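A.B. asks: Letter by letter, the chains look like this.
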Amino acid sequence: MYSIVERRMIVPNMHEFIVRAPVVAESVKPGNFIMLRPDPTGERIPLSVADWDREAGTVTSIFMQVGGTTAKLARLKPGDTIPTYVGPLGKETVIDKFGTVLCVGGCYGIGSIYPIARALKEAGNRVVVLLEARSSFLLYWEDKLARVANDLFVITRDGTKGRKGHIDKIPELMGAAGIVPDRVIVNGCTFQMMRVSEVTKPLGWKTIVNMNPIMIDGTGMCGVCRLSVGGKTKFACVDGPDFDGHEIDWAEFLARRKGYSPEEVDPLRHSSCRSRF
Amino acid sequence: MAEEKPEKKKLDLQRRPMPKQNHWERVKNFDEVALGYPVAAAVEEASRCIKCKKPLCNQGCPVGIDIPGFIKCIVEGDFGSGIRKIKKTNALPAICGRVCPQEEQCEKTCILGNKQAPVAIGRLERFLADWEAAEGKIEVPDMAPKTGKKVAVIGAGPAGITVANDLIILGHEVTIFEALHECGGVLIYGIPEFRLPKAIVNREVNYVRSLGVKIYTDFVVGKTRTVNRLLEEFDAVFVGSGAGLPWFMEIPGENLNGVYSANEYLTRVNLMKGFRFPEYDTPVKRPSRVAVVGGGNVAMDSARTAVRLGADEVHLVYRRSKAELPARVEEVENAEEEGVIFDLLNLPVRLIGDENGWIKEIECLRMELGAPDESGRRKPVPIQGSNYRVSFDAIVMAIGNGPNPLIQMTTPGLDINKKGGLATDPATGRTSRPNIWAGGDIVRGAATVISAMGDGRIAAASIHRYLMNREGEAPVT
Ligand SMILES: Cc1cc2nc3c(=O)[nH]c(=O)nc-3n(C[C@H](O)[C@H](O)[C@H](O)COP(=O)(O)OP(=O)(O)OC[C@H]3O[C@@H](n4cnc5c(N)ncnc54)[C@H](O)[C@@H]3O)c2cc1C
Ligand code: SF4
Chain A
1 MYSIVERRMI VPNMHEFIVR APVVAESVKP GNFIMLRPDP TGERIPLSVA DWDREAGTVT
61 SIFMQVGGTT AKLARLKPGD TIPTYVGPLG KETVIDKFGT VLCVGGCYGI GSIYPIARAL
121 KEAGNRVVVL LEARSSFLLY WEDKLARVAN DLFVITRDGT KGRKGHIDKI PELMGAAGIV
181 PDRVIVNGCT FQMMRVSEVT KPLGWKTIVN MNPIMIDGTG MCGVCRLSVG GKTKFACVDG
241 PDFDGHEIDW AEFLARRKGY SPEEVDPLRH SSCRSRF
Chain B
1 MAEEKPEKKK LDLQRRPMPK QNHWERVKNF DEVALGYPVA AAVEEASRCI KCKKPLCNQG
61 CPVGIDIPGF IKCIVEGDFG SGIRKIKKTN ALPAICGRVC PQEEQCEKTC ILGNKQAPVA
121 IGRLERFLAD WEAAEGKIEV PDMAPKTGKK VAVIGAGPAG ITVANDLIIL GHEVTIFEAL
181 HECGGVLIYG IPEFRLPKAI VNREVNYVRS LGVKIYTDFV VGKTRTVNRL LEEFDAVFVG
241 SGAGLPWFME IPGENLNGVY SANEYLTRVN LMKGFRFPEY DTPVKRPSRV AVVGGGNVAM
301 DSARTAVRLG ADEVHLVYRR SKAELPARVE EVENAEEEGV IFDLLNLPVR LIGDENGWIK
361 EIECLRMELG APDESGRRKP VPIQGSNYRV SFDAIVMAIG NGPNPLIQMT TPGLDINKKG
421 GLATDPATGR TSRPNIWAGG DIVRGAATVI SAMGDGRIAA ASIHRYLMNR EGEAPVT
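One line per chain: the protein sequences are A and B, in this order. Per my numbering, the first sequence starts with residue 1, numbered consecutively. Per my numbering, the second sequence starts with residue 1, numbered consecutively.
Isolated chain B, as found in the complex (with noise of 0.2 angstroms):
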């Protein structure tokens, strides 16, 4: 890194805010929070980049973006190829621009963050998609001709729909079977309206729905078909059913009323727009203390959504510090500015009911933290006798969610991973079985959209040299 010489200019270290709803009008809102650069703005923010002669920012995106190359296209104000540099290898950049964790990724190696801000490489990814939408010109990529080879996707989730958009493109005929009747996956089900308007998720879904692939929404693979089942129609079979799996605490009274998953909370919300009840049926508690478990986006997510739907404290409960929380650090400061409380370094250990079998109070331990463990994260450690209890009226658990079980339950011949999930092998996404490839949440446990994608592509890139060339690939055993 030291020996990068970048280009001799002064270095323009303020990275340009990005306009944002007001933090007191937006907790009375289900509109998105970040409004996005305006041209000028945009401009501004990609003249920062330093032109590195070999930059590092691309080696941090899972999808390795011509990142530099698209700056550029900015900063000459040619938007139209920008975009295109994009979708080469990112076919959502409208989401990734607005859901990665840049910080970890793409800007963590941003020279520039070595002296102050990185530049803002998501922001100017979502600018990019976002104007293109505006434009309304969506380009369609040339389509290789027909190959007569049938590939089926389970779930259309990110990792699903990255898969059926490459395959489709490169001629075999796609079908995605989705369990919810919905497509998106986590980004229509899990990530709110806030901080992903639906709308963009279904233009994405609609876009590949356009270059030709079937979609069957409402089928559970596993119970409506099996996978065996589908192969009697299909070549190949790509499982991206995701971590669907939410996880408890297995501590006494989670079984109380009152006590929500991430998953039942944000579903009733997002899915089923329990927010617009009682013109959707779909009722949603609007409780006026509630607690939130967990410290990650899912978390961040969840007391977002308790702070709009009007409760009057809402706190996320954290065994950790502030520096481990695992949410995207952009919306950690969303959530502190709409009043989110952090009760950081608390560990629940019970929860106490009411006579009618609703939660009354949690019961916590403090933490403080130990040597550091496995994951390098400082341990947490129970302080012995620090128990005290708070009164709540809704505690959502948002620890964690794991590899849906339904696809190895039901088909034969599939390992499994540590996590769970299915194992592949990481090269190709191929699983035990020759014909089946796997990836995202399914293989990683829940990760993110952009690893999800990555492993779609790699698959789908595995998939077409096998349907080309059968014997191309030796069978895994």
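Bound-form chain A, shown alone (with noise of 0.2 angstroms):
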């Protein structure tokens, strides 16, 4: 049994997740997920870390509430328990030296970029953190962000904050700030990392993403998460999270995320910021 430290609502629909689980907290890295049930009877989902505490042995996630699953956990109180919390699982995200560093957050990826944005500064880089929502009451970690940023963008779709319009327009606003990234790193929701993919492309600009495919296990058992990477099958469990956004068959990805859904109960954790395109 783990038991909840917090749980709270940040912005509509979106809740902060702490989860007392020391052996996790123990070894987290950033773009590592865990697996979960919130109950004996529920679903197994994967959720991206979004920070942790080793000392104090917790770990925090972002979610949405979507479907069943993030409902019942949705409902949950400090002091409550969950009977499956597991990982970290997932390879870690690459952190070295790159030089600039382009990290994209949108949805509950604003939660998982953080750590990666904080790895990346620690490790020398110049960071800038673009944030990405559909208006700015859905904004959060704002704060957090700026201070491991060296610079900080948002793009709002009705222009309420930073930049009017889609995460398309990351080319005209990194050119208009003069910056030219060694690397972009985006954590969101699935189009969110497939539009990015497509715009950074023909710059030449690599970009890794963090995908989200339906997972059972996590551990590389079942193969529901496979994807294709390069024309090749990889599972996004044990090979993944993290590709390159420019080799992933989007389509098919696309296709294979809804596999569940007439009867789903919580299989796209994210499902709803397809309504944003």
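I should point out that these hints are in silico values taken from the structure, not numbers from a laboratory. Only a predicted model underlies this, so the values are computations on that prediction, with no experimental measurement involved. By construction, the Cβ of each residue, glycine as well, lies at the ideal position given by its N, Cα and C atoms. One should not assume that every hint holds.
Said to hold, decoys possible - The calculated lysine-lysine pairs, modelled on DSSO-like cross-linking and capped at a C-alpha distance of 30 angstroms, are:
| no. | chain 1 | residue 1 | chain 2 | residue 2 |
| --- | --- | --- | --- | --- |
| 1 | B | 198 | A | 72 |
| 2 | A | 72 | B | 285 |
| 3 | B | 285 | A | 232 |
| 4 | B | 146 | B | 214 |
| 5 | B | 273 | A | 77 |
| 6 | B | 419 | A | 234 |
| 7 | B | 115 | A | 234 |
| 8 | B | 108 | B | 418 |
| 9 | B | 88 | A | 258 |
| 10 | A | 232 | B | 379 |
| 11 | B | 54 | A | 232 |
| 12 | B | 273 | A | 72 |
| 13 | A | 234 | B | 214 |
| 14 | B | 51 | A | 29 |
| 15 | A | 258 | B | 273 |
| 16 | B | 285 | A | 258 |
| 17 | A | 91 | B | 419 |
| 18 | A | 234 | B | 108 |
| 19 | B | 51 | B | 88 |
| 20 | A | 91 | B | 418 |
| 21 | A | 232 | B | 360 |
| 22 | A | 232 | B | 418 |
| 23 | A | 234 | B | 20 |
| 24 | B | 214 | A | 91 |
| 25 | B | 273 | A | 91 |
Stated by the list, open to error - Chain B stretches covered by chain A per the calculated footprint, using a threshold of three residues with CB under 8 angstroms from any CB of chain A:
| no. | stretch |
| --- | --- |
| 26 | 239 to 246 |
| 27 | 365 to 373 |
Fit chain to chain and form the complex, with the hints in mind.
C.D. replies: Spelled out as structure tokens, the structure:
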């Protein structure tokens, strides 16, 4: 049993979720995910990690309430327990001294891009953070991210904050600021990761995306998370979740994510993002 | 074999049938198919044993159960002594009696098999185990005094459970680390309820727990903590992490929706209880035309699961002929009774999807049997130009699983064998690192429950010798 330290809605539908799991907190790294079950009859779902406190033995995720499992999570209160919380899973995001790194976060990925940006900063990079949301009231953790970023940009669909428009404005935005990233890292909904990959490809900006397929065990046993990368089948849970966005077969990935939509309870962590495009 | 002079008495060649659920009933439920012998039938079946002077049956059992011994006990009605005899070498008789491929092992070497049906050794073993459980008096073995040595076991499948069982009895402190939220390995996530009730697996797991074995679930060794990190706390590590990596055929269309690995399909149903959706949250598709590719136990289990989920037609697509089907004979018969259609000598070459990325059709080539291959089985060769297509709305790939690479990827210095698993010394189960042992599917690739247990037994003995006298065994280099 793992006890909930905090579960708080930070912006509409988006919850900050802190769980006591000392062995996970001990070795978790940026880009990892955990698998959990909300109750004994629940589904296993993956959540990206957004922060941790090794001393206190806690791990933080941000989840968006979209279906049955996240609805169950959204009802949890501090002190409640959940039966399964396992990790850290997946390969961590590669952190190195790349030069200038553009970290793009949207949706739950604003949370999970944070430890990546922090680690890149510690590794001596110039860290440029770009957050994207439908409207300013959906943004969170700007203060945390501002502390680890050399530059922070915001794009909102309705123009209530930062640049008005879609994520495909990235080249323009970077151009205007005179930034040429040595690497782009995107954590967010599928469409955002796909769009960023599409616009950075012609520019030759290496783009790493943190994939979020349906998973069951999260340890390479079931293969439901498979995707095609550079023409080869990979398992997101053990070969990823980070992959080169320019090599992913996005059409196939989108089709697979919809694999369980009719009877699904909570298959797509962030399916509502689709409405944004 | 021919010299053997069995005791003079009229041979009883009729094997007693084991009651089963009717096939028209059982296709509608997930309850166990085979119901087990009633006492009278068990005693009659046991009485068929001709008490060979030099019995061959126990040589056929990978863990060397005293088969004539326990059979004699059944004949005499002394079931308590019978189960005790079995448990000396097999900690999981209720499981082995149900899932061992007996026709390849103990029953293969039974002399009566030369005449007609061998003694139903597996069913009798199951009978004793179930009798003991029903009596509710599970005997606790004598425990050796505590040694103060600590052993970590990775994986709670049959290999890991056996090692834990043996070492705790020998006085060592044993901790199992299991990646999933339940223990049992393939017994819990793979083999369906209708063949091996989960209550039995849980009973065995609780038994080792009651002996004092500590179990941490939700702990992925290599991720949560590495083997090297465990060795800071433990004197020895046993790796029983199984062959959990599903293979695909690498043919076009395998990533279409509606194409599942058998592991995914069976995990959704067994571990996550998808067959009880929506009471349980994990969904599983209930398509009407299902093709299962493969011919082993995994394929039979998948096909029979699809039948129970209400499919109108379930096909088993296998590239060799019926004689080569690697599944247990009993399960092939059960599958046939339940209406699974066997498309033998067929090789899928392509999967074709609809405009939404869902599986629509499978394209196969017909095969014929050629000369024997390395495995001694006649090699299937494609008949050129025999391609044909059939429509299906789900495909389950049950062509095999490989060793899970996570441990070797995260543990330096472990040699790898030809199957991609951990290389061990077969006499001890020791890996290329002196304080790490391994056994079961992580060494053999997908094999059997009993071979995993046999490996566990050998490794436990070697670990014990090592712990009690470190100099006793020179480290393998
Ligand atoms: C569907 C199916 C049907 C089968 N039917 C039969 C049958 O009828 N008869 C028969 O004899 N055999 C059968 N088999 C094969 C048999 O189940 C296996 O050979 C046997 O279970 C192997 O035992 P094991 O202990 O080596 O591994 P497993 O049973 O695979 O157990 C390994 C355990 O280790 C855990 N694990 C893996 N990696 C880690 C890690 N890094 N950290 C912690 N834990 C980890 C896994 O979660 C799992 O619980 C079948 C297999 C399948 C899939
Ligand atoms: S353990 Fe398996 S092989 Fe051995 S006697 Fe029992 S059924 Fe036969």
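A.B. asks: Now, for every hint given, state plainly whether the structure supports it.
C.D. replies: Cross-check of the supplied hints:
1. B:198 to A:72: 27 angstroms, holds
2. A:72 to B:285: Between residue 72 (chain A) and residue 285 (chain B) the Cα gap is close to 23 angstroms, so the pair holds against 30 angstroms.
3. B:285 to A:232: OK: residue 285 (chain B) and residue 232 (chain A) at ~26 angstroms, within 30 angstroms.
4. B:146 to B:214: Cα-Cα ~15 angstroms, so holds.
5. B:273 to A:77: 27 angstroms, holds
6. B:419 to A:234: Given pair residue 419 (chain B), residue 234 (chain A) holds - Cα atoms ~20 angstroms apart, limit 30 angstroms.
7. B:115 to A:234: Since the Cα atoms of residue 115 (chain B) and residue 234 (chain A) sit roughly 52 angstroms apart, the hinted pair is violated (cutoff 30 angstroms).
8. B:108 to B:418: 28 angstroms, holds
9. B:88 to A:258: 52 angstroms, violated
10. A:232 to B:379: Given that 30 angstroms is the threshold and the Cα spacing comes to 28 angstroms, the pair holds.
11. B:54 to A:232: 56 angstroms, violated
12. B:273 to A:72: Holds: residue 273 (chain B) and residue 72 (chain A) sit about 18 angstroms apart, inside 30 angstroms.
13. A:234 to B:214: 35 angstroms, violated
14. B:51 to A:29: Distance of about 63 angstroms is beyond 30 angstroms: violated.
15. A:258 to B:273: 21 angstroms, holds
16. B:285 to A:258: 13 angstroms, holds
17. A:91 to B:419: Given that 30 angstroms is the threshold and the Cα spacing comes to 24 angstroms, the pair holds.
18. A:234 to B:108: Between residue 234 (chain A) and residue 108 (chain B) the Cα gap is close to 42 angstroms, so the pair fails against 30 angstroms, i.e. violated.
19. B:51 to B:88: 21 angstroms, holds
20. A:91 to B:418: 26 angstroms, holds
21. A:232 to B:360: 22 angstroms, holds
22. A:232 to B:418: Holds, at about 23 angstroms.
23. A:234 to B:20: Distance of about 42 angstroms is beyond 30 angstroms: violated.
24. B:214 to A:91: Satisfied, since the Cα-Cα distance of roughly 28 angstroms is no more than 30 angstroms.
25. B:273 to A:91: 29 angstroms, holds
26. 239 to 246: holds (count 3)
27. 365 to 373: violated (count 0)
Hints 7, 9, 11, 13, 14, 18, 23, 27, counting from the list given before, are not met by this structure.
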